[in-house]
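Protein chains: 2
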Amino acid sequence: MGASDVNDQMLRFELSEYKMRLEKARGAMEHAGIDLLVVTDPANMGWLTGYDGCSYYVPQCVVVTKDKDPLWFGRRMDANGCRRTAYIGEDRIKWYGDEYVQSDTLHAMSALAQIIVDEGHGSATIGVEKDSACLSARSFEVLSGSLPNARFKNADRLVNWQRLVKSPREIEYMRGAGKIVEAMYQRVGEVLRPGIKQSDVIAELTYVGTRGVDVYWGDYPACVPNLGAGADASAPHLTWTDRSIRANESIFFELAGVHKRYHCPLSRTYYLGKPSQQILDAEKAVLDGMQAGLEKAMAGNLCEDIAKAYSGMLARYGFEKTSRSGYPIGMGYPPAWGENSASFREGDKTELRA
Amino acid sequence: MGASDVNDQMLRFELSEYKMRLEKARGAMEHAGIDLLVVTDPANMGWLTGYDGCSYYVPQCVVVTKDKDPLWFGRRMDANGCRRTAYIGEDRIKWYGDEYVQSDTLHAMSALAQIIVDEGHGSATIGVEKDSACLSARSFEVLSGSLPNARFKNADRLVNWQRLVKSPREIEYMRGAGKIVEAMYQRVGEVLRPGIKQSDVIAELTYVGTRGVDVYWGDYPACVPNLGAGADASAPHLTWTDRSIRANESIFFELAGVHKRYHCPLSRTYYLGKPSQQILDAEKAVLDGMQAGLEKAMAGNLCEDIAKAYSGMLARYGFEKTSRSGYPIGMGYPPAWGENSASFREGDKTELRA
Numbered sequence: 001m002g003a004s005d006v007n008d009q010m011l012r013f014e015l016s017e018y019k020m021r022l023e024k025a026r027g028a029m030e031h032a033g034i035d036l037l038v039v040t041d042p043a044n045m046g047w048l049t050g051y052d053g054c055s056y057y058v059p060q061c062v063v064v065t066k067d068k069d070p071l072w073f074g075r076r077m078d079a080n081g082c083r084r085t086a087y088i089g090e091d092r093i094k095w096y097g098d099e100y101v102q103s104d105t106l107h108a109m110s111a112l113a114q115i116i117v118d119e120g121h122g123s124a125t126i127g128v129e130k131d132s133a134c135l136s137a138r139s140f141e142v143l144s145g146s147l148p149n150a151r152f153k154n155a156d157r158l159v160n161w162q163r164l165v166k167s168p169r170e171i172e173y174m175r176g177a178g179k180i181v182e183a184m185y186q187r188v189g190e191v192l193r194p195g196i197k198q199s200d201v202i203a204e205l206t207y208v209g210t211r212g213v214d215v216y217w218g219d220y221p222a223c224v225p226n227l228g229a230g231a232d233a234s235a236p237h238l239t240w241t242d243r244s245i246r247a248n249e250s251i252f253f254e255l256a257g258v259h260k261r262y263h264c265p266l267s268r269t270y271y272l273g274k275p276s277q278q279i280l281d282a283e284k285a286v287l288d289g290m291q292a293g294l295e296k297a298m299a300g301n302l303c304e305d306i307a308k309a310y311s312g313m314l315a316r317y318g319f320e321k322t323s324r325s326g327y328p329i330g331m332g333y334p335p336a337w338g339e340n341s342a343s344f345r346e347g348d349k350t351e352l353r354a
Numbered sequence: 001m002g003a004s005d006v007n008d009q010m011l012r013f014e015l016s017e018y019k020m021r022l023e024k025a026r027g028a029m030e031h032a033g034i035d036l037l038v039v040t041d042p043a044n045m046g047w048l049t050g051y052d053g054c055s056y057y058v059p060q061c062v063v064v065t066k067d068k069d070p071l072w073f074g075r076r077m078d079a080n081g082c083r084r085t086a087y088i089g090e091d092r093i094k095w096y097g098d099e100y101v102q103s104d105t106l107h108a109m110s111a112l113a114q115i116i117v118d119e120g121h122g123s124a125t126i127g128v129e130k131d132s133a134c135l136s137a138r139s140f141e142v143l144s145g146s147l148p149n150a151r152f153k154n155a156d157r158l159v160n161w162q163r164l165v166k167s168p169r170e171i172e173y174m175r176g177a178g179k180i181v182e183a184m185y186q187r188v189g190e191v192l193r194p195g196i197k198q199s200d201v202i203a204e205l206t207y208v209g210t211r212g213v214d215v216y217w218g219d220y221p222a223c224v225p226n227l228g229a230g231a232d233a234s235a236p237h238l239t240w241t242d243r244s245i246r247a248n249e250s251i252f253f254e255l256a257g258v259h260k261r262y263h264c265p266l267s268r269t270y271y272l273g274k275p276s277q278q279i280l281d282a283e284k285a286v287l288d289g290m291q292a293g294l295e296k297a298m299a300g301n302l303c304e305d306i307a308k309a310y311s312g313m314l315a316r317y318g319f320e321k322t323s324r325s326g327y328p329i330g331m332g333y334p335p336a337w338g339e340n341s342a343s344f345r346e347g348d349k350t351e352l353r354a
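Taken in sequence, the protein lines are chains A and B. Each residue of the first sequence is one higher than the last, beginning at 1 in UniProt numbering. Each residue of the second sequence is one higher than the last, beginning at 1 in UniProt numbering.
Please note: incorrect hints may appear among the correct ones.
No copy is singled out in the list; a pair is fine if it fits within one copy or between any two copies.
Stated by the list, open to error - Listed next, the in silico DSS-like pairs over lysine-lysine satisfying Cα-Cα at most 27 Å (straight line): (1) K197 with K308; (2) K179 with K197; (3) K94 with K66; (4) K24 with K66; (5) K94 with K321; (6) K321 with K24; (7) K284 with K179; (8) K321 with K197; (9) K68 with K308; (10) K197 with K66.
Worth flagging that the hints you see were computed from the coordinates, not collected in a lab. These figures come from a predicted structure and were not determined experimentally.
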C-alpha cells in the first residue's frame, strides 16, 4: 500500500481507515477458515477499497488474501474507474477484455481463476458471497469449475458484518444524507397537492436530493424512490407513474438521502384530506411503536428487543406487521441499500453496540 | 387468462401482446428442450407478465410452463405489486414469508422448489437464467438441490432474444423515451458552464428526465447518469460528485430517457473551450464511424456488418475501439439497460430485421 500507488485526491476515507477495514475482513476470514475471499457485493468492494462505479452489471470483484494488497478484477474499460477511485496500485488491477462480455463461450470468471492460480492460491480455501446479487449461478459454476483443487466456502455477509459499526467519518456522511432526505420531504410537503402528477413530485424531490444540502451533495440512491397512492400504497415496491395525486387517499413514499454512497432512508405517508379513524389509529400505533423501539435502542440490548417493543405496541392497537421492523444501512449500491447483516426481528440476538 | 383475473387499468400492453410474448417464449423453450422456465431477469419478468416493482433485490421469478398461465413467485409484501401491475390471476401468485429474507437457514428457492413439485414438475427439464444478476449462486444451489429429480439447463438469454424485435407499442414508448433524452440534453446545454457543480448539472437533467415530455412521463433509468470530466472521462462508469465543471476539458455524459421502463440511451461529450486537434479528430472519426454504421443498418445485413463499418472508419483515423459498438435496448431494470442478446461486434452473425 505504497503512497505512490495511491490516488489520494479521490479517496473518501483516510488510507488508515481502509487499512483497518481490510484487517477486520482478514480477521473474519481467519475465523471462518478462508484463505482467499472473492468480494462481489459492490458495497463490500467499495467499503474495502474505495472502488466506485456503476459497473456492477458485469463480473467484477475484489480479492482479499492474508498478506498481499487487495486485487481488483473487472472489465478492461472499468480499470480506469478503479485507478480513479480506489487505493489499489497498478500491479493489483487486473482486467478482462470485452470479448468476455455477454459471450456464450467465454466467461470472465475463468480469467479470474487463472489469476488465482498464478498467484499461488489454486488449492486455497476460497470464500464467495454466494447470495450476492453480483455473483450469478454461472459465475460461481465457472469459477469453481476452473479451480478443481480449491475448496469453496460460503462467505455471505462476512464483510457485511464488519460494516455494522460505523466510523466517525461514516457517521458524518450519513448525517449529511439525513439532512438531504429532510430537505427532500420538505419539498414534498411544498408540492404535494391534489392534481399534481406523481412523476412531477418525484422530479421535485429528486432535484432537491441530487443538489444536496450545504457540503453534502446528493449521490444516487441504491433503490429509486418508491411511491404508492391509494390501492397502490398496499404494495411497498411500486414506483411512480403520471397518475395525479388525489385527495382522500394514502400516499406512501420511501426515499433516501445519499452522500458519497452512504444512505439515510426515510418513509412517510401523506393523506390530503381528513383520514378515517382506522388510518389515524394506524398512525398512532406506528408512532408509539417507533417510540417503544427507540427506547430499547441502547448498547447492550439485542436487535430482537427493538422488534418486540415495536410489534408489541402495534399489537396493542390490533395491528400486525409480519416483516422486519428494521435493518442496518450505510454504503449501498443498486438494487438495495440494506446492509445485509443484523435485522430487527424476533430471534435476532445481535447485541447493539455504540 | 380469464378477464376477471386481470387488472386491466394498469397494464401497459394489450393482453393479446402479452399472450403473443408468452407463446414466443414457449416456442423458444420447446426448441431448447425445456419444460419449465424460471425467469429471474426483471426485464424478462416484466416483458412476459407486466410485473413492475423495484423488488428484485430478493429472490423472485416468473415460472413459465407449456400449458398453465405464468406463475409469479416472490416475497409476500410484493404480491400486492404483482396484483397491481401484472395480468397474473390470484391463483397463480405465490409468495414466501419474511422469515426467508436474509436468513442463514431458510432460502426462498426451497419454497419455489416445493411449488414446482406440487404442480407436478419435480422431474421436469428446468431452464434457469444462470448468468442473470437476479439468480445468485446460492439461489441456484438451493433450487437444484431441492429438486433432485429435475434436470437443469442454462436458459441465459432465451427470453432476451424474443425481445429483440419490437412491437408498435414498444416502439412508441421508445420514441417517447427518445424525446425525453433529447430534452435532458437540451437542459445540459443550457446549464453546463465552467463553475457549475457536477451534482447540480445532474439534478437539472434528472428533473427534466423525470417530468418527461408531453404524455411521455419519465421513468427511472436502469443505470444512473454517468458523468466523467477531465481524466475521469477515461472511465466510462463513474458517476458524479460536486466537483466543478471546468473549461478546457472533456465532459462525458451517458444518459437515458425512460418511459414505462423502455429506454433510449444517448451519450454525448462536451468541451467548454477550444478542443485540441486530437479531440477534433476523434469527434470526426466517431461521427463518420456512426454514419458508416448507420448505412449498414438495414434488414438482411448482419450485426457484425455495422461493427466492421464503424471500427473500419475509426481505424482510418488511427483510432481503435476494442469494446462493442452497440447492443439492443428496450425494457430495462437496474443494474443495466442492455437487452443482452445480439451485439454489434465482429463475429456476431445475427441478421438484422425490421
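Review point. 27 Å Cα cut-off: does K197 pair with K66 within a copy, between copies, both or neither?
Key: neither (54 Å within a copy, 41 Å between copies)
Review point. When no copy is specified for K284 and K179, does a C-alpha distance of 27 Å or less occur within a copy, between copies, both, or neither?
Key: Result: close within a single copy only, 25 Å intra versus 45 Å inter.
Point to revise | Intra- versus inter-copy proximity for K24 and K321 (alpha-carbon distance at most 27 Å) | key: Intra 35 Å, inter 41 Å, cutoff 27 Å: neither.
Review point. Is it within, between, both, or neither for K94 and K321, if the alpha carbons may be no more than 27 Å apart?
Key: between (47 Å within a copy, 19 Å between copies)
Check your understanding: For K197 vs K308, is the C-alpha pair at or below 27 Å within one copy, between two copies, both, or neither?
Key -> Answer is neither; intra-copy 39 Å and inter-copy 46 Å both fail.
Practice item. Please work out whether the CA atoms of K94 and K66 approach to 27 Å or closer within one copy, between two copies, in both situations, or in neither? Key: For K94 and K66, the Cα distance is within 27 Å only inside one copy (19 Å; across copies 45 Å).
Check your understanding: For K179 vs K197, is the C-alpha pair at or below 27 Å within one copy, between two copies, both, or neither?
Key -> Cα proximity of K179 and K197: in one copy and across copies (25 Å, 19 Å).
Exercise for review: Can you give me the call for K68 and K308, within, between, both or neither, at a CA distance of at most 27 Å?
Suggested key: neither (45 Å within a copy, 42 Å between copies)
Check your understanding: At most 27 Å between C-alpha atoms: does K321 with K197 qualify within a copy, between copies, both, or neither?
Key -> neither (30 Å within a copy, 43 Å between copies)
Practice item. First find the shortest C-alpha distance between K24 and K66 inside one copy, then the shortest across copies, and answer within, between, both or neither for a cut-off of 27 Å. Key: Within one copy only: 11 Å inside, 51 Å across.
Figure legend: structure checked against the earlier numbered hints; hints not met, in rising order: 1, 6, 8, 9, 10.
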